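Student: Below, each chain spelled out in residue letters.
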Amino acid sequence: MKDIFETPAQMPLRSPGTVMRLSRMGSMFPTRLSFLRSLMRRLAAERTQVRRDIWEICEQGFGHAVFSLTLGGHDYALVAVSTDLPPELRTDRVIATAWDGAFVLFDGIPDAADIARIKANAPLQEAGRFGPRDLILSRANKSVRLFAHVTDALRAGQQPDVQMIRDVGYLMRTTAVYGNGKFGIADRAAYHERPGLEGPFAAEMLTVWLIRHFTHALVEHVGRGTLAPALKRHLGIGNSTGLGMAPFLVNHPVLLNNWMLARETALARVRAVEAPTPEHRARLCALGARAAKHLAQWSVPDPAHLGRIETLRADWEIAVRALDPEKLAVPRPLDRVMSDVEQMSEDVQELMAALVMEPFGDLIDGLAECMADPYGAFAPPLRDTDALRAQTERAFEWALTPDYAEAAACGQFWYVSEAKMEPRLGMRFTEEGAERETPLDIARRVQAAYRDLPAQAVPVSAFLARHPEHALAVERVTLSACYPYAEIRDNLIAQTCLPIDMLRCKLSFFGAAKFDPKSDRWTRITLCQGAPLADELGEGADDWWLPVFAA
Amino acid sequence: MSRSANEVMVLATKAARGAGAPPAQASQFGAVAARHLIEGRETAELQAALDALPRGPILSLPLIFTSIAEQATRGSAMRPVPKGPAALVLSYIETLPWQTGTTHDGMLHIDLYKPAARCSVMRIDLPDEVYEAWRVLAARLLVPESDASRTSGAGAGLSDND
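Keeping their order, the protein sequence lines are chains A and B.
So the first sequence is numbered by my numbering: it starts at 1 and just counts up by one.
So the second sequence is numbered by my numbering: it starts at 1001 and just counts up by one.
Think of the hints as simulated: they come from the structure by calculation, not from any bench.
Fair warning: this is a prediction, and the values are worked out from it, not measured in the lab.
We put the CB at the ideal spot given by N, CA and C, even for glycine.
Take the hints with a grain of salt, since some may be wrong.
[Unchecked claim] One-sided excerpt, in silico: chain A residues whose CB lies under 7 Å from chain B: (1) Pro-86; (2) Arg-90; (3) Gly-128; (4) Pro-132; (5) Ala-419; (6) Lys-420; (7) Gly-433; (8) Ala-457; (9) Ser-461.
The task is simple: from the sequences and hints, build the whole structure.
Tutor: Next comes the structure, spelled out in structure tokens:
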């Protein structure tokens, strides 16, 4: 009898040595496994209804509102507080002390006392105090230019300028979305088994989607008009992201492994598809054209990044020819497509990887359930220092060659500023503070431990008794035996390290697109652009990969 | 004040690092401290462990458990429960990544093939004086503000009106 849970066939996974390089991580695009996509599928499957429970917003758009929904049998509510922010206080940095909007995702339906408490604390953000029914804390700043334009247009009885909607893409951008116990909010473990919130960052993504819903309602309220649905759908929620996101990937190696492994397994399954149906072939071709249109609509002010996008547009014109339905009528055509683009840039390769997964939800969507970390780091100890040496050479060969005494290999250091504990990056030889460095220098540490390994094998515990400073390196090498995609295979303190690559990797897993780097350590993005609106959760709600502006 | 477990874990980790623990041992202590307090155990043993840095149980206990795990045969190890501050030792045992059990005659069993069950979440009522002591230790990791750091360290501007 055939096993109904038979694992789909798959080609070999791309190696960690290929996948886990910073430059490739910095070329990633969202996929159908991205957390926002998974959440939208869940919301659509449940035909979730968003309720507007409270709307106490003045004509100018200030006050508070409560939206609620039921997901997986639990009620959740977004409490939104909108305030009048003087322009001189509007900064997206962690060091900000005031914002246009403050938000809490509440567990259940808040009563008057809950709302009063949140109204008093949410605008304070890090300086406020929160409780176990506050699941997520967030804040956002307006795109003042677009918000004013849209309200002006609506008041005049017109729709806003489509070009401006397309170029900006959001009415507000979040500048932090805090979860997992920060400032007293609920630990993730309190709700991580609830249906709909099991996946990584699911509660955060739900909050972001509801904030987007709030921004639409707010602009229509202030503008006293109704936005055309197509414009509204293209208005996502912006996000400003800095260095705080980068250490997460280093400090959560098991999660990083699980995200990458799920993604690579999805790609390997799709590459093993023997013969896509005519519908699949047509869909792949259409997605190739959509990607080209998306790239054409992706414009950023930074000349260097714009140049990269322009190169990708040109390269994509060539790559996309491989998706012609007739060319896909060969055995395992997607394996051939991926092999062919190996000669092209990492941007092309990662865009193609994301694309080929898109039509095969039945093969890969279940992998989204493997992206959490229910057990934590779980690896048996290595037998002795000989085993430690061998595993280091297997998994960290890339870390053993640099000379970390050279300025080029250790020129930067990560630290946390005493100014609101903002994560920052400094130049080791010209700035103060390197002695308080945040330990993201995994490569350097592994090499140092490797060099101190004794010639004669001893138990690892005996080695660590002599060298307690090597415990972190030993922990990472031990984990590498069980979690092959856990480690970014680059030197994160090198002068050439670009934190923006780490940000893009993580943000692509969230489902972000339209990366708009403001420096090598700071980016704006758009989330939920093209995502279904609250009244569109039904059939077809999942088709918004790399949205294009169709107004 | 009621705090989340993660909040306490992160603070205890930073406090241990600020007091001189290497990063891995500090992280382990952070998890131990949260578990210790969830179980309603005394804060004194945690504070004593921090005070003992750069020596003491924050460095020695992880080594003992690593040593026990190294001696496992077919994934199973049975050794006497390590000596040390009893409640702190118990908190360390409860935060090991593997399934563990203790017997009435003071033996510790570790099954390397089974992951530990995760602790059910509870809020932690951390005394204000303990919070303040840990906060001071954690602050040793923070780099003082400077103009260069403020303007270039985060890679973003100071104003975002668009």
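Student: Each hint: holds or not?
Tutor: Against the structure, the hints:
1. Pro-86: Since chain B brings no Cβ nearer than about 10 Å to Pro-86/A, farther than 7 Å, the hint is violated.
2. Arg-90: Holds: closest Cβ of chain B sits about 5 Å from Arg-90/A, inside 7 Å.
3. Gly-128: violated (13 Å)
4. Pro-132: Holds - the Cβ of Pro-132/A comes within 7 Å of chain B, reaching about 6 Å at its closest.
5. Ala-419: holds (5 Å)
6. Lys-420: violated (10 Å)
7. Gly-433: Given a least distance of 3 Å, the restraint on Gly-433/A holds.
8. Ala-457: violated (12 Å)
9. Ser-461: Given a least distance of 4 Å, the restraint on Ser-461/A holds.
When the structure is compared with the earlier hints, violations turn up for hints 1, 3, 6, 8 and for no others.
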